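Order-wise, the sequence lines are chains A and B.
Be aware that the first sequence starts at 0, since it is given in numbering that gives the first Met the number 0, and climbs by one per residue.
Be aware that the second sequence starts at 0, since it is given in numbering that gives the first Met the number 0, and climbs by one per residue.
The hints are simulated quantities; they were obtained by calculation from the structure and are not laboratory data.
Nothing here was measured: the structure is a model prediction, and the numbers come from that model.
Treat the hints with caution; some may be incorrect.
[What the hints assert, rightly or not] List time: in silico DSS-like cross-link candidates among lysine-lysine, alpha-carbon distance up to 27 Å:
{"no.": "1", "chain 1": "B", "residue 1": "Lys414", "chain 2": "B", "residue 2": "Lys539"}
{"no.": "2", "chain 1": "A", "residue 1": "Lys203", "chain 2": "B", "residue 2": "Lys539"}
{"no.": "3", "chain 1": "A", "residue 1": "Lys391", "chain 2": "A", "residue 2": "Lys539"}
{"no.": "4", "chain 1": "B", "residue 1": "Lys241", "chain 2": "B", "residue 2": "Lys231"}
{"no.": "5", "chain 1": "A", "residue 1": "Lys107", "chain 2": "B", "residue 2": "Lys231"}
{"no.": "6", "chain 1": "B", "residue 1": "Lys167", "chain 2": "A", "residue 2": "Lys167"}
{"no.": "7", "chain 1": "A", "residue 1": "Lys167", "chain 2": "B", "residue 2": "Lys241"}
{"no.": "8", "chain 1": "B", "residue 1": "Lys107", "chain 2": "A", "residue 2": "Lys167"}
{"no.": "9", "chain 1": "A", "residue 1": "Lys203", "chain 2": "B", "residue 2": "Lys231"}
[As the list claims (entries may be wrong)] One side of the interface only, derived from the structure: several residues of chain A facing chain B at Cβ under 8 Å:
{"no.": "10", "residue": "Glu57"}
{"no.": "11", "residue": "Tyr481"}
{"no.": "12", "residue": "Gly519"}
Quick reminder that beta carbons are idealized off the backbone N, C-alpha and C, glycines included.
Number of protein chains: 2
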Amino acid sequence: MEASLVIGMAQMEVFPGDPARNGARMLEMIASARGKGVDLLVFPEMCVPGYLIGDMWERPAFLRECETWNQRIVAATDAVDAAGAVAAGGARPMAAVFGTVIPDWKAKGEDGRPRKYNGYIAAMNGRAIRHPGLGRDYGIKTLLPNYREFDEPRHFHDARKLAMELDKPLEDLLEPVPIPLNGKLCRAGIILCEDAWEEDYAQKPLEILGLKSCDFMLNLSCSPFTQGKNDKRNRVFSRKAKALGRPVFYVNCISLQNNGKTLFTFDGRSTAYGSDGTVAAEMPAYAQDMLPVQVEWRKGRPMLAKPAGAAVPDPVEDMPARRIREIYQALRYGARGFLASIGQDRVVIGVSGGVDSAVAAAFYRDILPPQNLMLVNMPSRFNSGTTRNLSKVLAGNLGCLYAEIDIEASLAVTKSQLDGLEIRSPDGSLRASISMAGFVMENVQARDRSSRLLAALAASFGGVFTCNANKAEITVGYSTLYGDLGGYLALLGDLWKSEVYALGRYLNAEVFRREVIPEGVFTIVPSAELSDTQAVDEGKGDPLVYPYHDKLFFAWVQRWNRATPEEILDWYADGSLTANLGLEEGVDLKSVFPTHAAFIRDLERWWNLYSGIAVAKRVQAPPILAVSSRAFGFDHREAMGPAFYSARYRALRSELLKNSGGGFGA
Amino acid sequence: MEASLVIGMAQMEVFPGDPARNGARMLEMIASARGKGVDLLVFPEMCVPGYLIGDMWERPAFLRECETWNQRIVAATDAVDAAGAVAAGGARPMAAVFGTVIPDWKAKGEDGRPRKYNGYIAAMNGRAIRHPGLGRDYGIKTLLPNYREFDEPRHFHDARKLAMELDKPLEDLLEPVPIPLNGKLCRAGIILCEDAWEEDYAQKPLEILGLKSCDFMLNLSCSPFTQGKNDKRNRVFSRKAKALGRPVFYVNCISLQNNGKTLFTFDGRSTAYGSDGTVAAEMPAYAQDMLPVQVEWRKGRPMLAKPAGAAVPDPVEDMPARRIREIYQALRYGARGFLASIGQDRVVIGVSGGVDSAVAAAFYRDILPPQNLMLVNMPSRFNSGTTRNLSKVLAGNLGCLYAEIDIEASLAVTKSQLDGLEIRSPDGSLRASISMAGFVMENVQARDRSSRLLAALAASFGGVFTCNANKAEITVGYSTLYGDLGGYLALLGDLWKSEVYALGRYLNAEVFRREVIPEGVFTIVPSAELSDTQAVDEGKGDPLVYPYHDKLFFAWVQRWNRATPEEILDWYADGSLTANLGLEEGVDLKSVFPTHAAFIRDLERWWNLYSGIAVAKRVQAPPILAVSSRAFGFDHREAMGPAFYSARYRALRSELLKNSGGGFGA
């Protein structure tokens, strides 16, 4: 029989900015793996410092603390401590590889501060193994992602810059690391996260390492959840494992990290790929665990044995259902983690009888005991008996605290104080008289609910209140600042309206397995109920036709080739709008937009809002829990500025308006 | 006599995201310069698209529009148009160099999108001049800044990456551009902004170009104002001009640009440096203009003639006064520009009688007519006659609209609705009773003022309301979310409390030249007046001792080697705190912190707030107008997370607390 070895995938939970907590956990996992026959324990990228920690990297005290932990973890790979005592798991040698920040105090980064690498350390017998390419006690990352929420070059130096500086080819810096494992000196190809996503880069670290006869590849990752990313990753890594003819171990952390405005969950799902490209083992989402995977040499080639207890692939599940399940998992892990991180366990939700607040309420009931959840319905004269009743039924179904607090008395105070008020300069020479228009009173209602009642209630209850705005509303600022746009977290802020509905259905069908969200919530017309023009019982509601506007806004925000009115009008004019936006069948644009003018008016209305006041609102909006391929905030970056219309758009628009007919009607 | 030529520095005002507006202005400036005998007109960096425009770079339609304008500007360098008509300024040949985005549709950026360069085009006779290093019709930037608010590698490819990709030395790509100017073929060394700030980079574009015998250097910049940066720039560029022995032209735009949360002003101050390093001409701050500078060849070397009308250096002005003047200029340009960009010209300010709102009021009166400015004092029972009177006197001095609106009636409604409220689950099985603690009522007052009154008043008045929070308050979240932290812009959000006082003094002395801000505003104790414990007439106020806390927070936020409690406690323990924080003489820490325990308690209180709830508040705070070397928002990036205390801090703390004495007292 040829040699074999066991690689342990340490899918640990990482707490950003807390090296002491992460380091202590790593020491535990090392001790525990030692008792399980692991030869090489592989941790994720940046598991000591965490990853999304803003500009914390600029604090020397933080870097020194990380260095101390790096050293402790290296020391912990010695089965026999300084006093000669054998570690708990026994004296069997075990190596560990972990991703961490590597400060290089003698060198400068391009920001003029002490240089830092996103690097890894391979250690054994209490010592770091010398990296043959770098000649240092660590390896470093080559490709630093710099898109979406990723900002790595802001803080880290990379192997490409180092190669230029040393005037060496990059190839010289990338070498497999020799590690003696169970009696055989293995050559481990070690890369960090983006290094494997090399398609868009001129330099390809995995390819370079692949030419240097590695025995296996380790990809240490810190990779956030995004819808569909897991499938893409499986395709990419499978192909690479097959091309290399070597096993590839993808080790990702689980974590909740943020960059202030946007929260990201890291879903783990660490995976071992066989040298034929098949998935030999996949670890579960959002669960900390260690999975030992056996590698056997057969005819000198490393092969994966199917490990005992490997995850069985999901039974065939249709895509939309799986998508909503994954969103639910991300929101669940994220919201629980966020509440824990801010030391809160009580939540107040303003419930309107509409779908967004109802879905939020059911969701929080799933993660909180009923006595920690308070639903509050706050009607004015414009709220229907229908929605008030739906709110109460919802609270009854969830069994949580419920209050109904009328806001008419407070609205009356505001109106009496301001409407008709004469304001002068102290010398009486200037005058202005205030009168409150209808839209002003609409926003007064929204702010009265959130800033006056919910904020005070939450503080008195010892908790937080939620923002229930969805992504379509946030896109165009269809919500009131300091009103329904207030709250500690916009849980649904990265879900399109259709996804909110789907999540609600999922909560009823799969989580509670009964109708906690009343059916009427799904069927009622979406409405803000802030004026007579939004009376739900008369079928009146939001100006957004969600099946269309969800997709229109998606094209602006999330589409890879991000659309502007120019593309939209192009598609409209050439009849490809439905196909290009991916509209569902049955969306009757003909009746919504009877004329070209109506279509253009709607397009410009929302584009102006999206580019204008909605940006200003997003600047002051609550943090958003990201689940999409482009979440508002640190992922979808934007400036306040004019709405952009290209010359080509203006020409197309003039052309269409010459013709008074309708694009869909004609 | 040897040859001479005139270089025109086109210090244009750039509107980010608006290539049509910028392009049209460039065409005008080209026509105008032609009539003024200019041989080479130099525009700033990125003057076609603008610079801080978020992820707008990902929109192909925007890039195409910029390309169209690039082509039009090139075409405009032809003095004779296609129809054979001579341009307005005459048929004299004139070259132009301008910074712009250069899309390369056939190549990919590292984000997988169409590649973009931060580049420049040199054009003459309606054609772009071929770049000898690149062999293309444009040159590109080598060093892309990636610190503070700068995010360039996120969107742009640079000359270093291109050199690696082409497998050529960077030196081959950097070549002077040959331009025939007034009968002589000149070699223009052209670089973009950061390319001249090469100290922290291994590759030095200015140095490389300097070895290639350029006749002069052009630095096309898009460089935001930061306190003291102008002096530093003069030092750096003087030294470089002298070392090269060639004139250097620094051409910067004027502009207001933002990245959502943070607004930056670009102050112009384009400068021509003689080959001896002296400043031959400096253009004024925040003014659009074109300055022609004559270059004469003497003994084959280009020399600057002192241009007629060149700015005379400021008379000797003491540094603090100059610093405040520059802050005032930046705020003035920034606030005016921001109001214009959002189409607003009416402002409502909640005035408390304290210094922040009074300074804001005087500032806005300086940029708005009195009938467009409304001051509102909103007392509760806790507001003193002193501050109410100061507010009214202030309004009288400014001659603007003034209202006093009591908030007791509304507070009473809120208290009666919530305090003592019993909340149950619909089936009655769960109960919670609400009682409103003192701190809850404090925040209720603040939110009542901003979210209820000011928001409704501003909307009815047809304007916006302001956030008057200063940087010390914002650092530790000493302000109420949806309360005094609400508003369209935090004008003073990047000014420490001492700077707010200084700005107030400056407004009285230098802008209004009379006491518009009453003296009592400067001398009263700073206080929120939200409870009996904050009664100003009893000398009670904020828990912040500004002369100390301003400097403490500065060390955390703005100090180059950013401090944490570890450094602070180190300095405290070794007696160097006063020196390291730069405390003014007369700050009596001994009486504020009689014991080690008191010092540590205060330190941890504010550090916990700064790292914790204050981050959450900043996520939802208004945009801030940046004037410092580190402004909250897109410049000072941060994550919500635990307050970081290093192991060394904990050890030091234990050591100090063993000794019950005081660090300053002992």
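Verification of the supplied hints:
1. B/Lys414 x B/Lys539: Roughly 26 Å between the alpha carbons, so the hint for B/Lys414 and B/Lys539 holds.
2. A/Lys203 x B/Lys539: violated, 64 Å
3. A/Lys391 x A/Lys539: Roughly 22 Å between the alpha carbons, so the hint for A/Lys391 and A/Lys539 holds.
4. B/Lys241 x B/Lys231: holds, 16 Å
5. A/Lys107 x B/Lys231: holds, 20 Å
6. B/Lys167 x A/Lys167: Given pair B/Lys167, A/Lys167 holds - Cα atoms ~13 Å apart, limit 27 Å.
7. A/Lys167 x B/Lys241: violated, 33 Å
8. B/Lys107 x A/Lys167: Satisfied, since the Cα-Cα distance of roughly 25 Å is no more than 27 Å.
9. A/Lys203 x B/Lys231: Violated, because 40 Å separates the two Cα atoms, which is more than 27 Å.
10. Glu57: For A/Glu57, the interface hint holds, since the closest Cβ of chain B sits about 5 Å away, which is under 8 Å.
11. Tyr481: holds, 4 Å
12. Gly519: Violated - the Cβ of A/Gly519 stays beyond 8 Å from chain B, reaching only about 16 Å at its closest.
When the structure is compared with the earlier hints, violations turn up for hints 2, 7, 9 and 12 and for no others.
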